[in-house]
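Colleague: Listed here are the chains, written in short residue letters.
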Amino acid sequence: MVNVSDSKNYKVIGTNPIRHDGYDKVTGRAVYGADIKLPGLIWASIVRSPHAHAVLKSVDTSAAEKVDGVFAVMTGKDLPHLADSWIDHGEGTENVAWSSENIMATKKVLYKGHAVAAVAAKDRYVADYAASKIKVEYEELESVTNVEDATKEGAPILLEDLVGDHIGKKVEKTNIASVTRHEFGDPDKAFQDAEHVVERTFTLQMVHQGYIEPHNATATWDEEGRVKVWTSTQGAFPVRTSTAAILDMDVSKVKVTPLEIGGGFGGKIPIYLEPVCATLSKKSGRPVKAVMERSNVFQASGPAPGGTITVKMGTDKNGKLIAADTSIKLEAGGFPGAAVGAAVQCIFAPYEIANTRIDGYDIVVNKPKSAAYRAPGSPQAAFATETVVNELADLHGMDPVDFRLLNASKEGTRRADGVVFPVIGNEEVLDAAKASDHWKSELGTPMKGRIRGRGVASGYWFNVGLKSTVNLTVNTDGVVALVEGSTDIGGTRTSISMQAAEILGIPATDFRPTVGDTETAGYADVTGGSRTTYATGFAAVKAAENLIEVLKERCSIIWSLDKQDIDFENGTFFATKDPELKFTFKQLAANLDSTGGPAASSGSVDLESAGGAFGTHIVDLDVDPDTGKTDIVRYTAVQDVGTVIYPAYCRGNIQGGVVQGIGWGLNEEYFMKDDGSQANTSYLDYRMPTALDMPNIDVIMVEKPNPGHPFGVRGVGEVPICPPIAAIGDALHDALGKRFYDAPMKPGRILNVLGKISD
Amino acid sequence: MQPFAYSAPTTLEEAVEILDKHGEKARPLAGGTDLLVQIRGGRFDLDTVVDIKKIPELNEISNGNDELVLGAAVPCHKLYDDPSISKSYPGLIDAATLIGSIQIQSRSGFGGNLCNSTPSADGIAPLIVHSAVANIQGKSGSRSVPVEDFCTGPGSNVLGKGEMLVSITMPNKGDKFGAAYERFIPRNEMDIAVAAVGASIMLDSNGKIAEAKIALASVGPTPIFATKASESLKGKEPNEAAFKEAASIAKSECSPIEDMRGTADQRKHLVEVLTERMLIKSLERIGG
Ligand SMILES: Cc1cc2nc3c(=O)[nH]c(=O)nc-3n(C[C@H](O)[C@H](O)[C@H](O)COP(=O)(O)OP(=O)(O)OC[C@H]3O[C@@H](n4cnc5c(N)ncnc54)[C@H](O)[C@@H]3O)c2cc1C
Chain R
61 MVNVSDSKNY KVIGTNPIRH DGYDKVTGRA VYGADIKLPG LIWASIVRSP HAHAVLKSVD
121 TSAAEKVDGV FAVMTGKDLP HLADSWIDHG EGTENVAWSS ENIMATKKVL YKGHAVAAVA
181 AKDRYVADYA ASKIKVEYEE LESVTNVEDA TKEGAPILLE DLVGDHIGKK VEKTNIASVT
241 RHEFGDPDKA FQDAEHVVER TFTLQMVHQG YIEPHNATAT WDEEGRVKVW TSTQGAFPVR
301 TSTAAILDMD VSKVKVTPLE IGGGFGGKIP IYLEPVCATL SKKSGRPVKA VMERSNVFQA
361 SGPAPGGTIT VKMGTDKNGK LIAADTSIKL EAGGFPGAAV GAAVQCIFAP YEIANTRIDG
421 YDIVVNKPKS AAYRAPGSPQ AAFATETVVN ELADLHGMDP VDFRLLNASK EGTRRADGVV
481 FPVIGNEEVL DAAKASDHWK SELGTPMKGR IRGRGVASGY WFNVGLKSTV NLTVNTDGVV
541 ALVEGSTDIG GTRTSISMQA AEILGIPATD FRPTVGDTET AGYADVTGGS RTTYATGFAA
601 VKAAENLIEV LKERCSIIWS LDKQDIDFEN GTFFATKDPE LKFTFKQLAA NLDSTGGPAA
661 SSGSVDLESA GGAFGTHIVD LDVDPDTGKT DIVRYTAVQD VGTVIYPAYC RGNIQGGVVQ
721 GIGWGLNEEY FMKDDGSQAN TSYLDYRMPT ALDMPNIDVI MVEKPNPGHP FGVRGVGEVP
781 ICPPIAAIGD ALHDALGKRF YDAPMKPGRI LNVLGKISD
Chain Y
6 MQPFAYSAPT TLEEAVEILD KHGEKARPLA GGTDLLVQIR GGRFDLDTVV DIKKIPELNE
66 ISNGNDELVL GAAVPCHKLY DDPSISKSYP GLIDAATLIG SIQIQSRSGF GGNLCNSTPS
126 ADGIAPLIVH SAVANIQGKS GSRSVPVEDF CTGPGSNVLG KGEMLVSITM PNKGDKFGAA
186 YERFIPRNEM DIAVAAVGAS IMLDSNGKIA EAKIALASVG PTPIFATKAS ESLKGKEPNE
246 AAFKEAASIA KSECSPIEDM RGTADQRKHL VEVLTERMLI KSLERIGG
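These protein sequences, in sequence, are chains R and Y.
Mind the numbering: the first sequence is residues 61 to 819 in this note's numbering, read in order.
Mind the numbering: the second sequence is residues 6 to 293 in this note's numbering, read in order.
A few of these clues could be false.
[Stated by the list, open to error] Among chain Y residues calculated to face chain R with C-beta under 7 Å, some are:
id, residue
1, M6
2, K178
3, F189
4, T268
5, D270
I should point out that these hints are in silico values taken from the structure, not numbers from a laboratory.
Using N, Cα and C, we set each Cβ at its ideal position, and we do this for glycine too.
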């Protein structure tokens, strides 16, 4: 295997080649999920609940069936509806009965927008019209849309058959699906000995990933009983697993072809439309396509949970953290499964604290079933911890970066959930932040009428490993076809090819990488958990190493030598005993036909863990104390990135995470009405930052190679969304002298905290 | 969305005829940046869309010494592309440059903005502070209505069956006049005003305020002409005390609702802050 210490001699790793998907994307030729057209295609329209919580009394589809141009109509009763059973996606498990109810309700609707029926018709307008003719009878129930209301005495119960697991105790008739506890040391005693203790309660609202491409699926159910699906997804294989489970068929009966994807950020792991299109196809005999409207993407896909987090931390007289306690209550949406398990692992991860208690609550509420969103649970957790850490640094009169360095977790630090850190880059990141131009610079003059403030915060994400496969074929012109099963959200075709290219000693541009369907590619888990460049890249390294063995074999045929007398270095195959006998990769490729044709190889991994990564962010902002308007004027993200494979991607990925974090911190939220519905279901009023709201975001990449990967790769994509919310709150405090405990820190909230307007 | 017919008359008479015949089932199409979105969203169920851009009167833009006549279909960019208009009608330019984006400004204009009649319309408050009048044509004749009296509620206005807006006229108030418009949005573009204020000031030969106008948006069922605040400035020195008093009166002249975009209290507070700012800016623009 390649030795990490060779890093400075890389030829491909660390360069910025033209990305393989680049031409198609900039010229508009790339085929996205909704672009697929099949002969005889018809369109689906989905009927959704107008109520946040109601019993589904009856669904009458007769009028819709009579509409001219309608081919098929379905309700939730047309899905098989299995008893509770669990499937494992590697990253998270899924209860099939709940997933099926989420895709189409049969008993109750649990959030506004919950699907109850669907129509397939000759075009989407006829489908929409016919859908409007379906009569649904509801018995409305009181709704609860936040964790406080859902856990009050007498709160309406969402799932009658849910049995909560409250630290091992079985509880019926509850909206709290689970309570977990991790305890380490004796926090109660340590707090008594503490010099300073700060305890705060934070609230956050549900937010959406905000990918530009809406959910879509196209499916056929053929006469052989096979289902074919075309969709944009973070994982073709997980879509296959989920679709097969919900339709109660073997996985090999389902084939999923992933198309280009316009953003996912975790939200395109669950499925919503595939079993519906397949069922409508079964009934109509036609291919059926569905594309969600934006308002439905907001109301009926998988946003990130809001919730309430209490954090209490204590220090000794030197500013050393000695105790921490937290309760993290996150809203799962209509079915259990908030990102609380991950939040629990991240909440105190940047710190070494001897006495810690972490309680996590997974709470169902009448909102869409939450899904992963970039470092799921960690940004919420970081807002709470990092704000308290900044307050403690203040109490000790310490520089907040120095305070973090004093308390930084490092190799060997044990987290409360039991993990002992391997080699991590937390301290190196803090050192780099401290040494950065930004941290050392003066604040500068604010815009007219504004006050400038600077803030800092850290964040952590553990990253995941899981299963990946890469297959290589050498063409006779020396170009390598690479087939992988990880869907490519952010340029991973190139970052994976580059790793194989480095091993084979050829340029990345000599690769033709393809994301295969579930019948051409080897198995791969989701593109999530920042795992693709790490794990699928690892598989590519293995495939390349295997390919070298195959190619040595071919040399041995051509040269009539024993394989062990053939070696490979710097892209050249040569006979160890005869310097005259050598082939460049390309020369050998040209000779393959006489030795059995194109050469092929495969590489697979199943990685238990990945190197976690840390970030520390510095932000300067200008706030208008009379209007509450905030503009970010300077931003620096420092991050531990392992070995950088493709610097431009790495920087872009970090900048993208920062932008999303800034949106979360400043304006983004599901604004809930009293009737339990979301008021702001368009990008006009769901206030994601625009290009004009963003400064240039400086990125400092700290390379601390991950010993668990041949090139030292760490996941990069999720950490950068963790620190911004707290960093913004800290900068507002610097400017205005007030701490913020509720996100988003929108203009009205700022005016309210300043006492200028009522709540 | 259901299929509809498209007609593009070339005379006012024809257009009014079609509108009158179809009543509620037909609507004029200027830039279409509101109308098409609304049709798609199911707000109107139309059988005819009447494209008015081929009617000469609606494309007129004439900037005389005494007044500006703006055809109802003239898009925003035509205003800021003309330096003589920018000089005399600065409040209008503030709005023309912030509505939507370059794409939107290339298609849509003040006519559509006024006829759409939303409380948050960015075009209407500036028209009010420029003392604009709406010129309307119906089957039985024409009439003119001051812009402050044009809107009657969210999305509704004085236009009767078969009536349409032909043009908007504004007086040129000369060198001693300044105006400004600003909206408050949490982001820097692509947002709807949480609250917005337009103001104008005309000074007399002694440097006192001869006339002032303050108009508010997004803080009531229609854009509001804040008459008391405007009157309070008459005859005063244009100074901080006078502006602060007017701002405080303007605050009491609005009746905002609370919704996802902001609370009522926040909106009132913003009216006060923005009124003072817009009066200062109007004053700065005089002779500038
Ligand atoms: C992306 C985007 C951003 C936007 N941003 C803003 C913004 O920042 N600020 C803002 O105020 N608005 C904004 N709008 C709304 C819209 O662009 C403006 O209201 C614009 O001024 C409308 O002009 P139009 O010519 O496109 O009107 P149209 O859509 O053609 O017409 C608007 C309405 O008026 C009626 N109408 C048009 N002309 C006449 C007439 N002559 N007589 C009678 N009725 C008529 C139409 O039937 C329709 O009901 C935005 C819209 C979009 C799509």
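Colleague: Each of the hints needs a verdict: does it hold here or not?
Modeller: Hint check:
1. M6: Cβ of Y/M6 sits 6 Å from chain R, so the hint holds.
2. K178: 28 Å, violated
3. F189: Holds - the Cβ of Y/F189 comes within 7 Å of chain R, reaching about 6 Å at its closest.
4. T268: 6 Å, holds
5. D270: 4 Å, holds
In summary, the structure is inconsistent with hint 2 from the numbered list given earlier, while agreeing with all the others.
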